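In order, the protein sequences belong to chains A and B.
Numbering of the first sequence is given in my numbering, commencing with residue 1 and proceeding in unit increments.
Numbering of the second sequence is given in my numbering, commencing with residue 222 and proceeding in unit increments.
Misleading hints may appear alongside valid ones.
Just a few of them, taken from the derived set where beta-carbon distance is under 7 Å, the chain A residues facing chain B [said to hold, decoys possible]:
1) R9
2) S15
3) I26
4) H30
5) E40
6) G41
7) N119
Hints in this document: simulated from the structure, not taken from any laboratory.
Please read these numbers as outputs of a predicted model, since none were measured by experiment.
Beta carbons are placed, not taken as given, at the ideal position from N, Cα and C, and that holds for glycine.
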Amino acid sequence: MLVNDCMTRHPILVSSTLPAAEAQRIMVEHHIRHLPVVGEGKRLLGLVTRQSLTIKPDTLASLNVWEISRFLATMTVERVMVKADQVITITPDRTAERAARIMTEHKIGCLVVVEDTRNLIVVGIVTETDLLAAFQEMLGLPTAGVRVTMRIPNRKGEFAKIASVVAAQRWGIVGVASYPARRIPDRYDVVLKITEVGPEEVQRVLQQIPDQELIDIRTVA
Amino acid sequence: MQAPIADPVRSTHASIPGPGPVLKVENLAVAYKVRGGEIEAVHEASFEIYRGESHGIVGESGCGKSTVAWAIVNFLGPNGYVKRGSITFLGQELVGKSEEELRRLRGDQIAMVFQDPMQALNPSLRIGDQMTEVLTVHRGISREEAEARCLQMLERVYMPDPANVLRRYPHQLSGGQQQRVVIAMALLNNPALLIMDEPTTALDVTVEAAVLDLIAELQRDFDTAIMFITHNLGVVARICDKVGVMYAGEMVERGTVEAIFARPQHPYTQGLLRCVPRLGMNKAESILYPIRGRVPPPNARPFGCVFAPRCDYARERCLQEKPRLRPVATGVGESVSEVRCHFAEEIDPGRWRPTLDMELPMAAATSPASPDTGEALLRIEGLRKYYRVQGNTLRDVLGLGEKRYVKAVEDVSLSVPKGITLGIVGESGCGKTTLVKTIIGLEEPSEGKMHFLGFDISNGIDKRDVRLIQELQMVFQNPDATMNPAYTVGQQIARPMLRFKTVSKQQVREEVIRLLKAMRLDASYYDRLPRQLSGGEKQRVGIARALASRPDLILCDEPVSALDVSVQAAILNLLLEVQRQFGTTLIFIAHDLSVVRFFSDYVAVMYLGQIVEIGPAEAIYAPPYHPYTEALLSAVPIPDPKAQQKRIRLEGTVPSALNPPGGCRFHTRCPRRHLLPDGGRICETETPPWRDAGQGHRIFCHLPLAILRTLDPVLTTPSHEA
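Looking at chain B on its own, in the form it has when it is part of the complex (with noise of 0.2 Å):
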């Protein structure tokens, strides 16, 4: 047909893929019409995919990184559209073409998955036919080869049971499985271009790193590039290639992996990077600096550089004139990073300091006492919380019908001394944020004992003394759902200083004045409504308002895992201060074991309603650990691309609560049972012991002492030496 010719462009060399990127954006700008305007979203973003590359995203909220992916696959809505630059798929242009034209040209090229896989499914639809529609829509492939190939992706995704799956509702799976639904259809129709937008930000620890696993051999098994946007820095360590940083509509530095996370050249990316809790950093030894300032709004973007007005080393230079994304070598090996700074040469992060301005607390010196001895504020014994469950059949209805509950609490004893930060994580669904309600008093125990200042707390809230409930207040996870939106800030503060009568009438406003000076929020704030704050700003508001009544105990409920790095990094601070000067002890929930090593003084590891470890938190993260929070570790991402992490993945999900298995709750998914004689038979007969690791340190486990500690550290990064 044709006779070759040379061609001496393309290279030989075997590993570096002929043909040029899968998608090349070039100095893309995207705009939406608004009334009076519009508003630049992405002001200037450059980058490109080969095949079997995952180029991570990466930035605060409100930076622009999914509007990019958007404007990919012409998501932009009515009044979203493409100002500038180029958006190259497979060679062609994107931007500028008609609806059908696009349509054609990406196909069933480019698919997208999205943060809630819930919404991606339809409901009303059983998975199977979701999936088979997919293949026999577009290719005209009958319903039964359809179905066979769809059983083939199930199993490609290792979904347990694919061909039960199929007859399923996506109501009837779990948040992991849905996900890994939506990969599978993603990918039966091969896509040159895979987008994800935070495919795992909803998912468990240990889901999430199993789906990461997951992404990370499709993408080699099918040569699909990949863009990965995410806030979670330690994904991006753990998946991608190439990152680039986006901050404020436009890209900032953009390089290596590697070079990203050892060498970052822009200001930006290296104060992200000061501003995560890396695992294996304590309170004591390390501090947290978030970034001053927020993200500028798009329509009051800085002339000059847009990160001007949050970095430390701007200059007048940096006010005047717009820099360029320029090439920087970074050392690291011979790669070279694309940075829009001016000065990225001079800017040494091994010389950063802290400026006088930011919110630092003062190095907390004080070693707590043991959970067991000392003073204990808190003491419960033997908790249990059941829900009854109703059943539907007509024997359930009559009240004849054998009773049911949900285990969601059982038999968890702890005491939290004064003064101390206890950390609780676990998988959800297992039991953290009942026992926090439990304690709280907004559910009533169905046995065991709690006692709070030495007084009996096992009622309901409503006959416990008003005193009492002023010592005990929560922090939630989302301050927009607990503010009442027509009071104002300062209403909102002063309603338990009122009701508990801390103060009198005439001090209410100077000392919430005072409390929101304590939360570096000044006197202004007093007047604004909810809607007027960011999310930073709203959840200040929460613990000030968790403090006006000068309680003894905080109960946090995952208080910074719905904000940015920047911004969590600030209310950690701030939690940290008020524990120094208020005194106060706190119970700490989060998902994130990084977040909770750095905070907690003390960690209890919660599995489907029992504790099975619970220790000093140094204690927790090294051997010897109970195989569940063994598991937990591996799993968590870790923001380092060198560090080495042992690959522990637990099988299935968390088993029902309705039903708990008997012996050992973990035996069903437990990774260690082997090494106990017989294959760990007495695990599914007999409740574990408690082995005393010394330090108040226990875990709950039929493996004895000496065979864990043999076990190896999950972790050991070059850092956690040093």
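The shape of chain A in the complex, shown without the other chains (with noise of 0.2 Å):
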């Protein structure tokens, strides 16, 4: 999957002349977390998150009511936000595990899609929420079936026994993972969604594969 197929298109952008509490207000309305800020031609200026309008204590001069107030009314969305060099962005044709790979090592909710990367053309964003969106789709959510996990031996030719038992029996899989097994060396895990078919019947197919071992099944809705 890549970003292109998993981002939203078309979110909500404001112009860097927004005042603050405008921005903060789409953001609860809409139930969002960032606001990517841009300008003539849909060109990123930079990006509001919850973050930015935390107001820091040391920049009021006191806690004056009449003070903060005077203080919240001037702030625009140009002044709060993360300046476009310091936003981390990526292009459509990139992967979604790159994605996701780049939001773990910033440790960041949101990448801004843009693009033309000198002129920094917003396409998209891909937000945490999207990307757990895909993962649920990449492991079958929401057809309903037999979900069942087997563990096998980390060698070539073992996955194909599974998928040659898959296909005599001619069941339609709509989701499938692997992984390294947990504390476990030189086994995979690999989950694999079936639908149209009880779990009895799996789990009598699927146990007579030799070597591989079938841990975990259910049927999820």
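Put the two chains together into one complex, using the hints given.
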């Protein structure tokens, strides 16, 4: 899956002259946490996050109510946003896992997707929520079916065994994933989501594969 | 930069877009200031459009559909303003913002496509210059790069030969190509919202089908929200997810396409669906029910429910109290439509019966004679109409150059028996109108024989006898252009009576009023001027004028295509009534195949000046078809979202009649050629034979009937079989 397929297109964009309070309202009303700030031609100027809207006490001269409200009234998005040169961006042709990697590396919740790396034209946004939605899809949600986990040895041809058994049964697979088995060396866990068949039958058939172990099976809707 | 926070509201379901709607319109009212007050064009409209969704807005003309669109893009003009309500675009309010703020807010995020592509393009700039400007001005992209992007986008909208198109001027492109350029241009900036105001209304059915396919595809790929304004219910059924029905400035019903078409809840929506002919309907078995009355002007809307004066279910409460838009379960799945009607739950459209004052034709039970046998009123043999083209070179001016002709009508033979209706269909530029003009005598035929009532009418109109002219009359597409604005209705209708002396001078007034009554217009119309009439009324006067000389044959050139669906139904009913009462023979040109099917006994399909298929209406609309007819049928938008339609799209445009392709003229675009041995080489070289499918049904094609019969029907609908 590429970023192009999991990003949110046409995100809400704001201009740099917008009052920060207005940006705060938009974020609360739409249940979003990031607002790309753009100029003419959707060129990226910065990014407003919920963090940037928290006011640091030392920026205020006093805790006087009038002082605070004056301060808030004059504050624009431009003053609180993360500037474009510090915003981490990605292009739509990168993979979803690369986007996740960049986000975990930098410990951030969103990547702005830009089309033209020189002019930084915003075409979308990838957030944790988008990646989590993609993750669900890869594992076959929301289709109902049998979710089965097989523990297989780390050598060539093991996955092919599962595939050929599934093919012989003419089952349909809506989700596949594999990862190194936790704390057990040289083993991989494979998760499959199979539709239109009962768990008993899946168990009966998959248990017969030599060298492999069925470690979990459940019906999920 | 920040820690994730729990957000229970945002749905994690992958298919539901998380963020709110792209566009949200709430209780919108738009008013125009005029001398002595103001006119509220839109009274209450509410709807929302999400990413990747297309939302149709339908209704008769004058219901405020376009005004809503203009309010969104702030195109209302100096005297228009948003009176109430809000328009939220991507979370930000548009109403009440200054021009500069709006420009920045909307920026290049809202694009608009209008009905006439020529008005959106600058005629003096090359396509390439206009398109690259969008990118170079806003984004500061270099010219070369911008050109590459434009080329890409033109390829994306399936423009044939895009590199060449960039160097051309708008007038060098066909209508469909121009509209593609406009759509490509609108998409260059990747807008979040695309507003389309009747984008395919000016296009041929075949081009319309291709453009609609394109819109659906782009919507999927770019996740653009589309607001689609149209009067054509078939187009809505084909491409929209949701529909809002507007009437007299109010949104009266809103719901999913499936629900609106299967279970319309508002009497107006029910009425609209009753007055469109569906493909497969014919005049003997079914009746169109027009909606009585007309849309009230904005300054004279009724106090209670705006639809009450035209509604068959109106009660006391409807006149007293304004209904609110409220949700009503539709019974189609779990969908809920919003309806502005007090009694939506009590109304059952299945039990609806026409009221007595409705204009309905009596069932015509006569079975017409075959066009080849029976008494032919009009017989045409080998008719050709060529137009000489003057070249620009010196040789041409001196008359030395090769003589070139536009072959508008080529070898047309047909006969029309008395008392039937012959429908003529085909794309624009295929010679329908030229054929009719030649018959009526406005054009002199280049070759061929025409006999009318046994008299030779092959010569120009000046050589015809007055009696013959009297027997041949015409109804035009645009009633405005054919009526003298300075003459009263009475004078216009009386003129042919005086000219042909059908009645004595003392009886003229009486006769005109009798005709007006037959057109369901009362005597008070006698002294009115054309500008005091609505479009439908003008067309009635046009028909009355054609009838004034009591002709045997009336030629109708697209008599209903400029009219609203509800009025169209009334005019079609009127023409049926006229035919029944006066025994008039009709030749009926239309580009809407559903209307032709409904109205005609016989249908001729024309392509590039030739008739390619002719026969009884029911035979034309079922296999075997000519490949061209098949393609036309598959392009017709069907007002039924459940209809299964085969997808055959013709490539390119109708070739030039100046230099038509040899052999079968359709071979350059024919999708069925490959069924012949050798890839259909015979089609390029030899003129096809007429294949007789019985009952006067003839097909002009190299493909044998046995093969043509095996083609699947284009349409399979549940209602078709019922």
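Tested hints:
Because the beta carbon of A/R9 sits about 4 Å from the nearest beta carbon in chain B, less than 7 Å, this interface hint is met. Here the hint on A/S15 is kept, as its CB sits about 5 Å from the closest CB of chain B, short of 7 Å. Because the closest C-beta pair between A/I26 and chain B is about 5 Å apart, less than 7 Å, the hint holds. Because the closest C-beta pair between A/H30 and chain B is about 5 Å apart, less than 7 Å, the hint holds.
Taking 7 Å as the C-beta contact cut-off toward chain B, the hint placing A/E40 at the interface holds, the least distance being around 6 Å. Taking 7 Å as the C-beta contact cut-off toward chain B, the hint placing A/G41 at the interface holds, the least distance being around 4 Å. Interface restraint check: A/N119 against chain B, minimum CB-CB distance 6 Å, threshold 7 Å, status holds.
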